[in-house]
Every structure is written in structure tokens, then in C-alpha cells.
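Residues per chain, in single letters:
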Amino acid sequence: MTALLDVINLQKIYPVGGGGKARGQLHAVDDVSFSIAPGETVGLVGESGCGKSTLVRLLARLHDPTAGAIHFGDTDLAGMKARGFARRPERAAIQMVFQDAGESINPRYTAFEAIAAPLRRLRGLRGTALQQRVEELADATGIPRALLGRFPHQLSGGQKARVGIARAIAVEPRLLILDEPTAALDVSVQVVILKLLMDLRQRLGLSYLFVSHDINVVRLICDRVIVMYLGKIVEQGPTAEVLGRPAHPYTRALLSAVPELTLEPPGPRPRLGGEPRSPINPDPKVCRFFGRCPDGRPACADSMPRLSPVGPGHLAACHFA
Amino acid sequence: MNETLRHVRHVLTENPVTLGAAGLFVFFVLAALLGPSLAPYDPFASDAARALQPPSLRHWFGTDALGRDIFSRVLVATRLDMAIAVSSVILAFAFGTLAGLAAGFLGGATDQAIGRLVDTIMAFPLFVLAMGIVAALGNTVTNIVLATAIINFPLYVRVARAETAQRKSAGFIEAARLSGDGETAILFGQLLPNILPIMMVQASLTMGYAILNAAGLSFIGLGVRPPTPEWGIMVAEGAGLMISGEWWVALFPGLVLMLAVFCFNLLGDALRDIVDPRRRS
Numbered sequence: 001m002t003a004l005l006d007v008i009n010l011q012k013i014y015p016v017g018g019g020g021k022a023r024g025q026l027h028a029v030d031d032v033s034f035s036i037a038p039g040e041t042v043g044l045v046g047e048s049g050c051g052k053s054t055l056v057r058l059l060a061r062l063h064d065p066t067a068g069a070i071h072f073g074d075t076d077l078a079g080m081k082a083r084g085f086a087r088r089p090e091r092a093a094i095q096m097v098f099q100d101a102g103e104s105i106n107p108r109y110t111a112f113e114a115i116a117a118p119l120r121r122l123r124g125l126r127g128t129a130l131q132q133r134v135e136e137l138a139d140a141t142g143i144p145r146a147l148l149g150r151f152p153h154q155l156s157g158g159q160k161a162r163v164g165i166a167r168a169i170a171v172e173p174r175l176l177i178l179d180e181p182t183a184a185l186d187v188s189v190q191v192v193i194l195k196l197l198m199d200l201r202q203r204l205g206l207s208y209l210f211v212s213h214d215i216n217v218v219r220l221i222c223d224r225v226i227v228m229y230l231g232k233i234v235e236q237g238p239t240a241e242v243l244g245r246p247a248h249p250y251t252r253a254l255l256s257a258v259p260e261l262t263l264e265p266p267g268p269r270p271r272l273g274g275e276p277r278s279p280i281n282p283d284p285k286v287c288r289f290f291g292r293c294p295d296g297r298p299a300c301a302d303s304m305p306r307l308s309p310v311g312p313g314h315l316a317a318c319h320f321a
Numbered sequence: 322m323n324e325t326l327r328h329v330r331h332v333l334t335e336n337p338v339t340l341g342a343a344g345l346f347v348f349f350v351l352a353a354l355l356g357p358s359l360a361p362y363d364p365f366a367s368d369a370a371r372a373l374q375p376p377s378l379r380h381w382f383g384t385d386a387l388g389r390d391i392f393s394r395v396l397v398a399t400r401l402d403m404a405i406a407v408s409s410v411i412l413a414f415a416f417g418t419l420a421g422l423a424a425g426f427l428g429g430a431t432d433q434a435i436g437r438l439v440d441t442i443m444a445f446p447l448f449v450l451a452m453g454i455v456a457a458l459g460n461t462v463t464n465i466v467l468a469t470a471i472i473n474f475p476l477y478v479r480v481a482r483a484e485t486a487q488r489k490s491a492g493f494i495e496a497a498r499l500s501g502d503g504e505t506a507i508l509f510g511q512l513l514p515n516i517l518p519i520m521m522v523q524a525s526l527t528m529g530y531a532i533l534n535a536a537g538l539s540f541i542g543l544g545v546r547p548p549t550p551e552w553g554i555m556v557a558e559g560a561g562l563m564i565s566g567e568w569w570v571a572l573f574p575g576l577v578l579m580l581a582v583f584c585f586n587l588l589g590d591a592l593r594d595i596v597d598p599r600r601r602s
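In the order they appear, the protein sequences are chains A and B. Going by the numbering used here, the letters in the first sequence line up with residues 1 to 321, in that order. Going by the numbering used here, the letters in the second sequence line up with residues 322 to 602, in that order.
These are calculated hints, taken from the structure and not from any lab test. One should not assume that every hint holds.
[To be verified] Anything over 12 Å on all C-beta distances counts as not near chain A; from chain B, calculated:
#1 V338
#2 G388
#3 D440
#4 P446
#5 L450
#6 L458
#7 F493
#8 R498
#9 E504
#10 P514
#11 G537
#12 G575
[Unchecked claim] DEER-style ranges, computed between Cβ atoms:
#13 B/E504 to A/V191: 55 to 61 Å
#14 B/A483 to A/P15: 23 to 29 Å
#15 B/F509 to A/L261: 41 to 47 Å
All C-beta atoms in this analysis are idealised placements derived from N, C-alpha and C, irrespective of residue type, glycine included.
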């Protein structure tokens with residue numbers, strides 16, 4: 001099966017400490033490679049600041065990568081500047097649902113206008129065709145038609161989330177990036193929105209890249225999982241493999257932080273101490289997790305571990321996996 | 322739309338001072354439009370026999386040293402003073418908003434260049450700068466407008482720049498990019514409409530300042546020249562007569578000038594309440 005999205009050695013470096021000549025290089029996304037098959041849901045997990053948001057914005061072509069390739073179908077999107085990407089035919093094919101649905105709707109747009117914007121621009125729909133398509137999308141995402149005339153500040157969190165989803169699927173993308181779509185919602189609403197997303201995936205045959213902090217949600221809906229730490233992928237593989245037999249110490253620590261309801265008293269949990277290493281001018285020889293890793297050994301400071309197979313389709317970047 | 326109207330009515334009736342300011346505004350607009358036809362006397366007609374008469378039923382605001390009716394002159398002057406203020410505010414508004422939008426959105430060298438220009442203007446005491454501009458360019462109404470616009474320009478740039486920079490990486494801008502908006506569409510279709518209400522408030526607030534500035538320039542003898550009726554000149558003409566007891570010559574134009582500034586500042590506050598969605602109930 002050919003991949004829908006194939007990311008190869010993607011890198012994003014931000015210059016920091018300005019004054020014209022940049023002194024530091026912040027490695028936000030460093031040498032990241034993975035692929036997403038058509039119809040597949042891939043989870044992307046990792047702590048705040050690990051580069052998830054930067055990575056998805058590179059893929060959504062909102063930012064330009066420093067190096068690497070983004071193969072989408074037959075085209076390499078990495079070579080196209082983000083500035084001109086709005087006019088590319090590929091623009092419609094990759095869409096995104098934002099974490100803060102309220103903030104992602106222009107405060108001067110009604111729900112109708114928010115959903116209609118991509119249809120006008122990318123599909124050239126006008127008049128009754130536009131009206132019909134927006135109503136169709138409202139029905140598909142469970143927005144009462146009566147609410148289409150409302151402004152974002154007049155909508156509830158769940159309704160805003162639905163508007164954000166309706167807008168994202170309006171132009172029939174092939175890849176939908178979900179950037180913590182439920183993080184800002186009430187628990188009860190989270191479930192409803194997740195159900196809606198799963199339902200839409202099935203009906204529209206979408207591929208999802210699902211960024212989340214919630215391991216339990218990832219376990220539930222993702223086919224494969226990618227774990228990021230300080231700009232690098234430390235582990236990836238099928239969900240059951242990665243979450244069932246985590247090979248990287250960071251993944252183990254991440255999983256142990258998930259609260260569980262069990263009758264037995266919980267066993268010892270690996271806890272992470274200390275602060276993450278700085279992403280600015282990182283030593284290319286030292287494992288990014290070294291210093292915080294409970295299993296760290298001197299070898300970890302001598303060479304950077306590379307992603308290598310630890311099981312079927314399961315890769316981990318640790319010398320001792 | 323209906324809701325907006327209801328909100329405007331709420332803001333106006335909530336505070337009687339605001340309602341008073343709105344009433345004054347209507348009065349000033351009418352005076353500016355109809356002033357010359359409403360004036361009971363010819364504002365230029367001097368009559369030595371009637372010089373320096375105190376306020377009476379015939380001459381509500383009294384007469385000046387040349388026997389001209391002060392009420393008529395104050396009324397007729399509204400058009401000129403308003404025209405100067407409005408055109409300078411429009412100029413500063415248009416150029417300031419565009420420059421601030423560009424600085425905030427493009428950043429980098431553009432931001433630096435515009436920022437330094439604004440700093441340079443702000444480095445001068447603004448009224449002295451306005452005096453300098455009018456003195457250098459010549460004593461005309463056009464140059465008063467220009468000078469007033471230039472000293473107001475930095476205020477617009479700073480507000481527009483800050484509001485743009487704050488919004489340019491907002492979620493709805495990213496969403497607009499995903500929806501196929503190019504840079505121009507983002508700038509003029511997304512950012513501009515969102516900062517425009519704030520700029521309108523700014524315009525209303527600087528309007529009073531512009532009136533005061535224009536009158537101030539005329540007061541010190543720059544800009545509008547006698548015998549043109551203009552509030553600043555009239556105050557200047559009456560200033561010397563205060564000591565000898567002819568208080569009405571300076572008082573009435575000064576009072577109207579003060580009311581005009583007062584009116585626009587209050588309206589600016591009300592407009593801010595109308596525009597700010599957080600103040601909506």
C-alpha cells in the first residue's frame with residue numbers, strides 16, 4: 001500500500017537570540033520521518049514543547065521546514081513555500097482542526113461564514129450551492145441550522161468545535177490534522193466530539209493525524225502511535241505494540257503517568273526528574289533524553305540512538321531497547 | 322444588525338453624560354453644515370458703533386472689538402474647525418492604520434523602519450513639531466491639516482501595529498490560510514476588519530485633540546488668518562481684552578471649543594464600549 005503522506009528527515013530550526021546574527025539554533029523538529037497510509041489514524045503524543053505543534057504546522061504547510069521532504073501522494077510539499085501554498089491545488093487536501101476552536105474562528109464571522117470561507121476560496125462555491133453545502137456540513141457535524149447565523153462568542157465550546165470540524169472537512173481533505181481537538185472541552189463534550197470524528201473518518205475515508213495528550217483516547221482511536229521528545233521521534237509503531245510493550249524509557253514514563261482505576265495498589269512507577277535538555281544547539285552526539293532518563297548510561301552521551309526495529313513495525317530510539 | 326442598534330441605544334441611555342455628548346455631536350454637525358445660513362448676522366460685518374457690547378438679547382455672545390457678532394462668528398467657525406479636524410483625522414487614520422498594519426504583519430525591516438519613523442516624530446514635543454511644520458510649509462489651512470495629521474500619525478501606527486501583531490498568529494489567521502487565503506487576503510480580509518473598530522475608537526478620541534491642535538495653531542498666529550472666523554483666533558483676539566473686563570470676546574469661542582473637545586472624547590469612550598464585545602450583555 002502506498003502511503004498518503006511520507007515524511008522524510010523533516011527538520012525545522014528556529015534562529016534564537018537575535019541581533020541580526022543568530023547565536024542559537026532551536027531544533028524544534030529534528031530529523032523526523034514517518035508515514036501515514038490512506039484511511040489510517042496516527043496518534044502523535046509527547047509533552048508540551050516537544051515539537052508536536054511545529055511538526056503539524058509544517059505538514060499543514062503553515063510554516064516552511066528547514067530541511068527534509070513531505071511527500072503527499074506524488075508531490076513533495078516541502079519544496080513549496082508556505083506563502084504561496086494557499087493557491088496550490090494541494091491546499092484543500094490537508095486540513096486542520098485546531099485546539100482552541102473559539103480562537104480559530106474569526107470573531108467577526110458567523111458560523112455560516114466560517115464554514116463557507118474555504119468553500120468560497122478553494123471550491124469557488126457561491127449562492128445556493130454554497131448555502132446547500134454549508135447546511136449539508138452542518139447536518140453532518142451536528143450543528144443545528146438555526147445556529148449558523150451566530151457569532152463564535154454566542155456558541156458553546158462543543159458547538160465551536162463542531163464548526164471547526166465542519167470547516168476542516170468542507171473541502172474534502174484527504175488528511176485531517178487534529179491538534180488536540182478536545183483538549184479545551186468539557187469531558188462530556190469530548191466524548192461526543194470524538195465519536196463525531198470517528199464517525200466522519202469512516203464515512204469520508206479520511207486519514208487522521210491525531211495530536212493528543214490523552215493516552216487513553218489515543219489507545220481508543222489510533223492505529224499507530226508516534227512518540228516525540230524534544231523534536232525527535234523516540235518511538236513509533238502500532239498502538240497495541242507501543243502502548244502495550246513500550247520500548248523507550250520516555251514512553252514508559254509517559255504511560256506510567258496515566259491514571260488508572262484498579263483494585264490492586266499500583267506498582268512502582270518510573271518518574272521523571274529534572275528538566276528536559278535545551279532544544280537550543282543540542283549536542284548531536286547526546287541522546288535527547290539523557291539526564292532525565294531513568295536508564296541513562298554513559299553510552300547515551302557518546303552517540304545519539306537511532307530509530308531501530310524492536311518488533312513488527314515497531315521502532316524505538318534507545319540503545320537499550 | 323438589530324442587536325447592534327439595541328446595544329448602541331443601551332450604551333447611550335445607560336449614561337446621561339454620553340447621551341449629552343451625542344446631543345452635542347448632533348448640534349456640532351448641524352452647525353458645521355448649516356452654520357452660515359443660521360447665523361443671525363454677517364460674521365464679517367464690522368460696526369464700530371457696536372464694538373465690545375456685552376452679551377444681550379440682540380447679540381447673545383456680545384460683539385468683538387470691531388463690532389462683529391460673536392455668536393454668528395462662533396457658529397460659522399464650526400465648519401472650518403470641524404473640516405480641519407475631520408480631514409486631518411482621516412489622513413492620520415488612513416496612513417497610520419496602513420503603516421501599523423504593515424509593521425505588525427510583515428515585521429522585520431518594515432517594522433524597524435516604520436518604528437523608527439514613529440519614534441522620530443514622537444521625539445519632538447508634538448505641538449512644537451506642528452508649529453514647525455506649518456511655519457516651514459506656509460500658513461495655509463492645508464498645512465494645518467497636514468501638521469495635525471502628522472502629529473496624530475504615530476498614535477494610529479502604534480495602536481494598529483500592536484493590534485495586528487497580537488492577532489497575526491491567532492488561530493483564525495491559521496484557519497484562514499488553510500481555507501486558501503493568501504497574504505493579501507489575510508491582511509485586508511482578516512486582520513484589517515478585526516482592528517478597524519479599535520481604530521475607529523482611536524479616531525474619535527484623537528478628534529478632540531485635532532480640534533484643539535488646529536485652534537492652538539491659529540491662536541498663536543499660525544494657520545488660519547483673521548478675519549476668518551475660527552475659534553482659536555477668536556480666543557486670541559479676546560485674550561487681550563480679558564484684563565479690561567470684556568470677558569465675553571474670548572470666553573464664548575473658548576467654551577464652544579472646550580465643548581467640542583469634550584464631546585468627542587466622551588463619544589470615543591462610548592464608542593469603545595460599543596465596539597468592545599466584552600462590554601456586551
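Results of checking the hints against the structure:
no.	hint	in the structure
1	V338	28 Å, holds
2	G388	57 Å, holds
3	D440	19 Å, holds
4	P446	32 Å, holds
5	L450	31 Å, holds
6	L458	37 Å, holds
7	F493	4 Å, violated
8	R498	6 Å, violated
9	E504	6 Å, violated
10	P514	6 Å, violated
11	G537	38 Å, holds
12	G575	42 Å, holds
13	B/E504 to A/V191: 55 to 61 Å	39 Å, violated
14	B/A483 to A/P15: 23 to 29 Å	24 Å, holds
15	B/F509 to A/L261: 41 to 47 Å	54 Å, violated
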